[in-house]
Structure formats: structure tokens, C-alpha cells
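J.: Taken in order, these protein sequences are the chains called A and B. The numbers in my numbering rise by one with no breaks, and the one at position 150 of the first sequence is 150. The numbers in my numbering rise by one with no breaks, and the one at position 267 of the second sequence is 267.
Derived by calculation from the structure, the hints in this document are not laboratory data. Ideal placement from N, C-alpha and C gives every residue a C-beta, glycine not left out. No false leads were slipped in.
Just the calculated beta-carbon pair ranges, DEER-fashion:
1. A/Lys-150 <-> B/Asn-123: 35 to 45 Å
2. B/Glu-166 <-> A/Pro-232: 34 to 44 Å
3. B/Glu-135 <-> A/Lys-86: 51 to 61 Å
4. A/Glu-104 <-> B/Phe-264: 50 to 60 Å
5. A/Glu-151 <-> B/Lys-100: 17 to 27 Å
6. A/Lys-150 <-> B/Glu-112: 25 to 35 Å
7. A/Ala-167 <-> B/Glu-112: 27 to 37 Å
In the BS3-like style, the derived pairs of lysine-lysine whose C-alpha atoms are separated by at most 27 Å in a straight line are:
8. B/Lys-154 <-> A/Lys-108
9. B/Lys-122 <-> B/Lys-180
10. A/Lys-193 <-> B/Lys-178
11. A/Lys-16 <-> B/Lys-180
12. A/Lys-78 <-> A/Lys-55
13. B/Lys-108 <-> A/Lys-107
14. A/Lys-180 <-> B/Lys-16
15. B/Lys-170 <-> A/Lys-178
16. A/Lys-205 <-> A/Lys-243
17. B/Lys-30 <-> B/Lys-100
18. B/Lys-178 <-> A/Lys-154
19. B/Lys-178 <-> A/Lys-178
Covered stretches of chain B, as calculated for chain A (at least 3 residues, CB under 8 Å):
20. 160-172
21. 178-192
Here are the chains, one letter per residue:
Number of protein chains: 2
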Amino acid sequence: MEILIAEPSGFCFGVKRSIDMVEKAIAEKKPNIQIFGPIVHNPQQIKALEDKGVKMVNSIEEIQPGTVFIRAHGISPKVFQQLKSKQEVELIDATCPFVKVEQENAKKLSEESYQVIIIGEKNHPEALGAQGFAEGSIIIGTVEEARALKEVPKIGVVVQTTLEPEAVDKIVAELYHKAKEIRVYNTICQSTKMRQPAARNIAEKADLMIVVGGKNSGNTRRLAEVCSRIKPTHHIETAVELKKEWFKGVSKVGISAGASTPDFIINEVVNAIKNMDSDHVK
Amino acid sequence: MEILIAEPSGFCFGVKRSIDMVEKAIAEKKPNIQIFGPIVHNPQQIKALEDKGVKMVNSIEEIQPGTVFIRAHGISPKVFQQLKSKQEVELIDATCPFVKVEQENAKKLSEESYQVIIIGEKNHPEALGAQGFAEGSIIIGTVEEARALKEVPKIGVVVQTTLEPEAVDKIVAELYHKAKEIRVYNTICQSTKMRQPAARNIAEKADLMIVVGGKNSGNTRRLAEVCSRIKPTHHIETAVELKKEWFKGVSKVGISAGASTPDFIINEVVNAIKNMDSDHVK
Numbered sequence: 001m002e003i004l005i006a007e008p009s010g011f012c013f014g015v016k017r018s019i020d021m022v023e024k025a026i027a028e029k030k031p032n033i034q035i036f037g038p039i040v041h042n043p044q045q046i047k048a049l050e051d052k053g054v055k056m057v058n059s060i061e062e063i064q065p066g067t068v069f070i071r072a073h074g075i076s077p078k079v080f081q082q083l084k085s086k087q088e089v090e091l092i093d094a095t096c097p098f099v100k101v102e103q104e105n106a107k108k109l110s111e112e113s114y115q116v117i118i119i120g121e122k123n124h125p126e127a128l129g130a131q132g133f134a135e136g137s138i139i140i141g142t143v144e145e146a147r148a149l150k151e152v153p154k155i156g157v158v159v160q161t162t163l164e165p166e167a168v169d170k171i172v173a174e175l176y177h178k179a180k181e182i183r184v185y186n187t188i189c190q191s192t193k194m195r196q197p198a199a200r201n202i203a204e205k206a207d208l209m210i211v212v213g214g215k216n217s218g219n220t221r222r223l224a225e226v227c228s229r230i231k232p233t234h235h236i237e238t239a240v241e242l243k244k245e246w247f248k249g250v251s252k253v254g255i256s257a258g259a260s261t262p263d264f265i266i267n268e269v270v271n272a273i274k275n276m277d278s279d280h281v282k
Numbered sequence: 001m002e003i004l005i006a007e008p009s010g011f012c013f014g015v016k017r018s019i020d021m022v023e024k025a026i027a028e029k030k031p032n033i034q035i036f037g038p039i040v041h042n043p044q045q046i047k048a049l050e051d052k053g054v055k056m057v058n059s060i061e062e063i064q065p066g067t068v069f070i071r072a073h074g075i076s077p078k079v080f081q082q083l084k085s086k087q088e089v090e091l092i093d094a095t096c097p098f099v100k101v102e103q104e105n106a107k108k109l110s111e112e113s114y115q116v117i118i119i120g121e122k123n124h125p126e127a128l129g130a131q132g133f134a135e136g137s138i139i140i141g142t143v144e145e146a147r148a149l150k151e152v153p154k155i156g157v158v159v160q161t162t163l164e165p166e167a168v169d170k171i172v173a174e175l176y177h178k179a180k181e182i183r184v185y186n187t188i189c190q191s192t193k194m195r196q197p198a199a200r201n202i203a204e205k206a207d208l209m210i211v212v213g214g215k216n217s218g219n220t221r222r223l224a225e226v227c228s229r230i231k232p233t234h235h236i237e238t239a240v241e242l243k244k245e246w247f248k249g250v251s252k253v254g255i256s257a258g259a260s261t262p263d264f265i266i267n268e269v270v271n272a273i274k275n276m277d278s279d280h281v282k
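Modelling step: build the complete structure from the supplied sequences, incorporating the hints.
T.: Take a look at the structure:
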């Protein structure tokens, strides 16, 4: 069985940067390292950090004196201020720099009196964080939601960095009917723009696609969706989910992995598939 | 035979305003009234003005001392300056106020370092006029042309006032991939936004559509195109083009007219169709 790995797969710039920042803090023996919300959307990566003594906290109240990381997806200025007001806490901002650009653009558009629209997932921390930078802004995830909007004089748009560009197209085309002026900051990041076509390309060549990454990872789910339009596709978090029956009659298997999937997970999956022929995977 | 007339049909605000301005000049006996290019894209309307002694001129050289009108579609600042430098000429600007907004937005975007794109017809005087307000601007008329563009940091867009909104959608959706920031002034005018759906609505109900207006009128051609997607459609300039065979078995005929089609032409067409049953039209 031939294995084709889409490039890029795995950690994007922002995810790698955030994990590196935490690893550095561990190496420097910073006191009581806590992360406010999952730093990236990958349970195995989170577990790996927890095994090194890092704590995940989900509310301001849980935070103890020590070191606190802001997740790669960013947070709203309001939550940032709440974290800052905590006593005896060193706050380290691991927000992805490309998410920062999205946040800053949302802020700028709001200050210039645009009705700010964040094209994104309604409950995604990145979209919610960006929303906090623009008063009265709304998150729009579908063409239908865009169509239902009332007309306003000026619409300003930013985009969740990991959305599928082609899906955003259709929403932008609707929004332009809703205002005399529309200003769009296309904040989809370069990693997303490269990863999705690369996955598509491998899906064209393969008989079966395995997409590796957190089930809670939006960008991984979209990779799986993009691939499933082309070839049979399975979205797994780890190698133990692989099923031998998927590979019957398959001569080429394609692999793609989300922006928050660590290399050790991808390697495990690749090795497990390699061992398929010799029955090492049940 | 029932006749259904789409509303609005005929003169839009900007066309009516420009013709009224010329009529006023005639009534005031202004000297040597000349129009630089066809004031509106309707040969019969032009003929009606010529019959009143108005002259059409197509080049700066032809202009004689007297009164000179700038057409409803507007002109570039460069041509405006050339006209202004003419001796013994009173220059009257009949540019449609909505075209002025398009021109001003093109200028503003250019001054703010956007690569200005005019979504419009390549050889249309309105698009060419607007182009003159933004240095280095380009006219884009199709999705393919948008797709072929190189990436630039900032794209600023204005739209020819009479384009079909749904066609512009698709171009905007392409353009947003070509820059990190895109700013769109949706300068399609209210008249266009109302006229096209009204024509579509009548086409749904009718067995046959007659679209009345200049063959050189872009907005009339688009009306005919929009209607022809729904029902058999004929684009005519005047009643003499009507053919009895078109109406065989037709019980409902729909009529729509372009923004530059004068009422007297529409009335002639309606009357000719009314007289169909009694064989008054050959």
C-alpha cells in the first residue's frame, strides 16, 4: 500500500509557536503553568502538555497564582482585562499572529463605523475572541444567515483564519448586497490556503483519505469535508481508530492532518498503516 | 391579448434629469446646443433632440462656440479639462448623480492606494469615464478576467451603475481572493436593482417578453438577457420591428424598457401590440 502525505500537514505557524512558548516555559521552570482554554484543538497535544505538569483551566475563577497562557485562538479584550486583573499571575499571550491581524482589523473597522461581520463558526473561540474587538459585531457562518441580514450603510468583514475560502466566497457575494460599501479583510491564513488544496490534490490521487486531528478542531473537520467530496474519507484523532476493513482493495492511501495535529500523532498513523499488510493493526 | 408592463420601465432618474436639462436649455434658447457623445443610449431620443436643433459631437475638435453638455454616463477628468479649455463654450454637466458617486469612490480608493477595479463593460463610456478618476485602474467584465488578475495588497472596487447584481456577485467573489483587503462600493443604482427583478417578475407571468430600448444600451441588453432566461424575448428599439408571428398563441405579453427608453417609444409599442388582433401591425 502506497502512502501519500499532503504537504503541509500538521502544525501551522501559529500552533507551533504557541506550543513552543509553553515548552519554553516548562524548560524555564516557570511556576504553576496554566492554559486558559485548550491552547490548540488537539486532545493528544493537550494530554502531552498535561503529562508535563501543565494545567488546563476553563474559567477565570479556577486560575491560581503562577503563569497563565492565552490560547492560540486568542481571547476578547474583556477577558484579557479580567485575566490581567488576577493577582500574582504572569500572563503570556500565545495568540496566533494571524489571528491578531484578524482582531486588529475587526477593531479598526468598528472604529470606522462599519457594521462588523466575522465570517466564522458561531461557537469557535477564535471568532468569539475577534467579536470582542468590535462592538455590535456579529458572527455569520452560512449564506442563509448572510441573506437574512438587514441592509446597513457600511459592512466590514474579517474571516476566521481557518475557513474554506470557497465557502467564504459565497457569503461575501451575499454580503455585498447588504450595504453600499463593503470592506473585506481576507484574514484566512496562508497555511489554510495551502493545506486545503494540498489535501484535495492528494485525495484526487488516492483511493482513500485519512484526515488526522482533533474532532474539536474546525480546520481538521473542514479538511475532512473537503476530502470527502472527492474520495472516501475518515477523520481520526489517533492510530487506534484505524479499521482494517477501510483498506480493503486500497492501493493508495492519502493522509492529511489539521493545523493542530502534532507530528508524533501523524507518525503513529503512518506507521500503523504501513503495518496494515502484516496485520499489526486490528 | 393581455399586456403586462414591468414597473419601473423607461427613463431612470439620471436619464430623465439629463434630458430635462437639455430641454430646459432649448426652452431658454441657449446658443448652439451640442452634446458630447450620445447623451443617453437611445437613438430615437437622440433623434428627437436633433429635430429640435441639438447637435451631437463626438470629438473635441468638432466643438463650436456655444453650449456643450456632458452626457449622463459622465466623462473622465482629463476629457473634462479638454472641454473646459475650449473658448466661448458654456459647459453643462448632465452626468447622472449616481455615476458621480461611482467616480468619486473610484478617486477616493485610488488616493488611498487601492488597486482600483471598475466592474463594468470594457467599452462603455460610464466605465471608461470612471476609469479616468483612478490612475492605473482597470475595467473587469467577467469572472475569467477577475481570476486572471495578479495578487495585490489592496483592491478597491466600484461597479457600473447598470450591471446585473447577480453577475457582479461572482466577480466580487473572485476578487476577494486577489488581495488581503478588498473594499467594494456597490454603486449599482436603485433603478437597476428594481428594474431587473420587475422585468423578471413580468417574464414569469407572460408568454412572451418585448424589451424596448437602444440596441447600444447596455442596461436594455441586460434586461433582454435576464428575461430571455425565463421566456422567449425580443429586444426592439421601436414598434416597427414587431412581427405578428411572434404573437401566435400568446395570450399574455410582457413589456420592459431600458433606463434610456423614452415614454413615447414605449407607448407606440404598447399601442401597436394592442392593435395586433385587428391586423394593424404587419
